[in-house]
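Here is what each chain is made of, one letter per residue.
Protein chains: 2
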Amino acid sequence: MGFRIAVVGSGAIGSYYGAKLAHAGSDVHFLMRGDLSVVRRDGIFVRGEGENFRIAKINCYNSTSDIGPCDLVIVAIKATSNHDLVDLVPPLLHEETMVLTLQNGLGNEEFLAGHFGAQRILGGLCFIAVDRHSKTEVERYAYGQVILGEFGRPAQPRTHGVGAEFTRASVRCTVTDDLALERWRKLIWNIPFNGLSIVAGEIDTAAIVGDKNLRALTLDLMEEVIGAANKCGHPLPKEAWRKHMERSETMSGYKPSTLQDWEAGKPLEIEAIWGEPVRRAAAAGAKMPRTEMIYELLKKLDQVRRSQ
Amino acid sequence: MGFRIAVVGSGAIGSYYGAKLAHAGSDVHFLMRGDLSVVRRDGIFVRGEGENFRIAKINCYNSTSDIGPCDLVIVAIKATSNHDLVDLVPPLLHEETMVLTLQNGLGNEEFLAGHFGAQRILGGLCFIAVDRHSKTEVERYAYGQVILGEFGRPAQPRTHGVGAEFTRASVRCTVTDDLALERWRKLIWNIPFNGLSIVAGEIDTAAIVGDKNLRALTLDLMEEVIGAANKCGHPLPKEAWRKHMERSETMSGYKPSTLQDWEAGKPLEIEAIWGEPVRRAAAAGAKMPRTEMIYELLKKLDQVRRSQ
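As they're listed, the protein sequences go chains A and B.
Numbering-wise, the first sequence is residues 1 to 308 according to the numbering used here.
Numbering-wise, the second sequence is residues 1 to 308 according to the numbering used here.
Hints were generated in silico from the structure; no laboratory data involved.
Do not rely on the hints blindly, as some may be mistaken.
Because identical chains share one entry, a pair is satisfied inside a single copy or across any pair of copies.
[As the list claims (entries may be wrong)] Straight-line distance between alpha carbons at most 27 Å, and here's what the computed DSS-like set of lysine-lysine pairs gives:
hint : residue 1 : residue 2
1    : Lys299    : Lys287
2    : Lys212    : Lys266
3    : Lys238    : Lys287
4    : Lys212    : Lys135
5    : Lys287    : Lys231
6    : Lys212    : Lys287
Keep in mind the model is a prediction, meaning the values are calculated, not measured.
Please build the complete structure, drawing on both the sequences and the hints.
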C-alpha cells in the first residue's frame with residue numbers, strides 16, 4: 001500500500017493542494033461535507049497560469065471513518081472550525097500518521113498537538129492567491145509555494161519526505177528548521193493586509209499600498225509584528241518587512257482571504273491572525289497598539305454584522 | 001440699536017443656540033441657504049427636556065449682505081465648509097465684531113484668525129446631544145452647556161458679556177481663561193467616541209462602553225489624547241479621562257455627531273477632530289498611534305464611500 005493522504009477541509013487551499021497531489025499520482029482522499037454527487041460526477045478542475053487540468057475521479061467522503069487511517073492528514077479547514085477536528089481526525093490516525101496544518105496564523109499546531117500529540121504535527125505556510133469558485137473548480141491567481149516545518153523541532157527526514165511529495169506534484173516547496181519563525185514572518189503580511197482590507201472599507205491590496213497614508217500605516221503594523229516576534233524569541237530581521245511590501249507593490253490588487261471570507265459572510269480567522277499574536281506579544285511585554293486595534297475592530301465589526 | 005447677532009450655519013447647533021437666544025429676546029439673524037419659505041412660514045420649534053417653544057418670526061436670509069454688520073457672529077457650519085466663510089463673514093463685520101466659533105475640534109479659531117484677525121475670535125465648546133429633524137425643528141436630547149473662551153488669551157470683559165447673553169437665554173455657560181486646554185479636554189471624548197462609532201461598525205456610545213474590549217481601547221485613546229495635550233503644552237491631568245468615561249457610561253446610547261454625519265452621507269469633520277490633533281502631537285513629539293489609525297481609516301472609509 002502506498003502513501004495515503006487525507007485532506008480535511010475542501011475550501012480553496014484543500015482543494016488546490018489536494019488536487020495537485022492527486023494529479024501527480026498521490027493517493028488522496030478528500031473529506032467533503034454536504035452533497036458529493038457533483039464532485040463525483042465532474043471531478044475537480046484546477047486552473048491557473050501554466051496549469052489547467054481536471055481530476056476526473058475524486059475520492060471523496062462524507063465521513064473520515066469512511067477514509068480510515070492515512071499516513072498524512074492535511075488540515076485545511078478554517079481555524080474557526082478547529083473544534084470539529086476533535087472528532088474528525090481520530091479515524092484517520094494510525095501510529096505514525098503525520099498531521100499537517102496548512103491553516104493561517106498562530107495556534108493551530110498547538111491545538112492539534114494538544115489533541116493528537118505533538119510528535120505528529122507539522123505546519124505548512126501557503127503563499128498563494130487562490131479562490132474556489134465551486135465545489136468542482138478552483139483557480140490559482142498567483143504564487144503557490146509552500147514552506148513546511150515540524151512543530152517545535154527542526155526538520156526531520158519525514159519533513160523532507162512530505163516536501164518531496166509536494167515537489168513531485170509541481171508545488172514549489174521548501175522545508176524550514178524553524179516553523180514558528182516562518183509563521184511570524186507570514187504575519188508581517190497577513191496582519192496589515194488582511195486587517196486593513198476590511199477595516200479600511202473593503203479594499204484590496206492595491207488600494208492599500210496605493211494610498212500613501214495606508215502604506216505608512218501598513219509599515220507601522222509590519223514593524224509591530226517584527227518587534228513582537230523578536231520579543232517572543234523569533235529573531236526576524238528589522239528589514240523583514242521590505243520583501244513583503246515590495247511583493248505587494250508589484251502584484252496586482254488581490255483580496256486577502258479574510259476579506260474574501262467577509263464578503264462571503266463566512267467566519268473570520270480573527271483569533272489565529274490577530275488574537276493569538278496580540279496575546280503572545282502581551283505576554284512577552286511587546287506593544288502592538290495598532291494590531292490590537294485591528295483585532296478589536298474586527299471582532300466588533302463581525303459581531304455587529306452577525307447581529308444584523 | 002441693541003446687540004446684533006448673526007448665526008452662520010443653521011444645522012443642529014446653530015439652530016438650537018440661535019433659537020434659544022432669539023427666544024430670550026436677543027436680536028438674532030440666521031443665514032440659511034436654500035429655500036427659506038418654510039422657515040418664514042413656520043418658524044423654528046425647539047424641543048427638549050424642560051423646553052418646548054416655537055420662534056414664530058425668524059429673521060432668516062440667503063445672504064450675509066442682507067444681514068449686514070453685527071456685534072457677534074456665531075459660526076456653526078461644519079468645519080469641512082470653512083472655506084465658504086472667507087466670503088460669508090466680511091459683510092457681517094464692523095470694527096468691533098466678535099466672531100465666535102462653536103465648531104468641533106482644532107484649527108477653527110486659527111482659520112478665522114488668519115482671515116479676520118485674531119483679536120475678533122472667540123471659541124465655544126458645546127456639550128450637547130442635539131439633532132435637527134428639519135429646517136424648522138430641532139431637538140435637544142441631553143446637556144446643552146457651553147464653555148466660552150478667547151482665542152490665544154484669557155477671558156476678557158467681552159467674553160463675559162457674550163456669556164451673559166447665553167445665560168440670559170437659559171443656556172448653562174461658563175467662561176474659561178484657557179480655551180485651547182478646553183478644546184483638548186473635549187477631544188478626550190470626541191476622538192474615541194466619534195471615531196469608534198464609525199470604524200467599529202456604526203455603533204452608538206452605549207455599544208462602545210458596553211463592550212469591555214472597546215471600552216479598554218477607548219481608554220487607550222483617551223490616554224493618547226491626554227499625553228499629546230500635555231506634550232503640546234496643555235496640562236490636562238492624567239485622570240482627565242475619568243469624567244468623560246463616567247458620563248458615557250451613565251448616558252443612554254447616543255450617536256456622536258460624526259456618526260450622524262456618516263449616516264446622513266454628509267462630509268465628516270475628520271481634519272478638525274483627528275487630523276489637526278495628530279499633526280500637532282507629531283510636531284510636539286507625542287505618539288498617538290491609535291488616534292492616527294482612526295484618522296487614516298476614516299479618511300479611507302470616507303473616500304471609498306464617496307467613490308461608490
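Using 27 Å as the alpha-carbon threshold, which applies to Lys212 and Lys266: within, between, both, or neither? between (30 Å within a copy, 25 Å between copies)
Taking 27 Å as the upper bound on the Cα-Cα distance, should Lys299 and Lys287 be classified as within, between, both, or neither? both (19 Å within a copy, 25 Å between copies)
Tell me, please, which holds for Lys238 and Lys287 at an alpha-carbon limit of 27 Å: within, between, both or neither? Both. Shortest intra-copy (16 Å) and inter-copy (21 Å) distances satisfy the 27 Å Cα cut-off.
Intra/inter-copy verdict for Lys212 and Lys287 if alpha-carbon distance must be at most 27 Å: Answer is both: 24 Å inside a copy and 19 Å across each meet the 27 Å cutoff.
Given a CA cutoff of 27 Å, do Lys287 and Lys231 count as a within-copy pair, a between-copy pair, both, or neither? Intra 10 Å, inter 21 Å, cutoff 27 Å: intra and inter.
Within a copy, between copies, both or neither: which one fits Lys212 and Lys135 at a CA-CA cutoff of 27 Å? neither (39 Å within a copy, 40 Å between copies)
In the structure shown, a violation is registered for the earlier hint numbered 4 alone.
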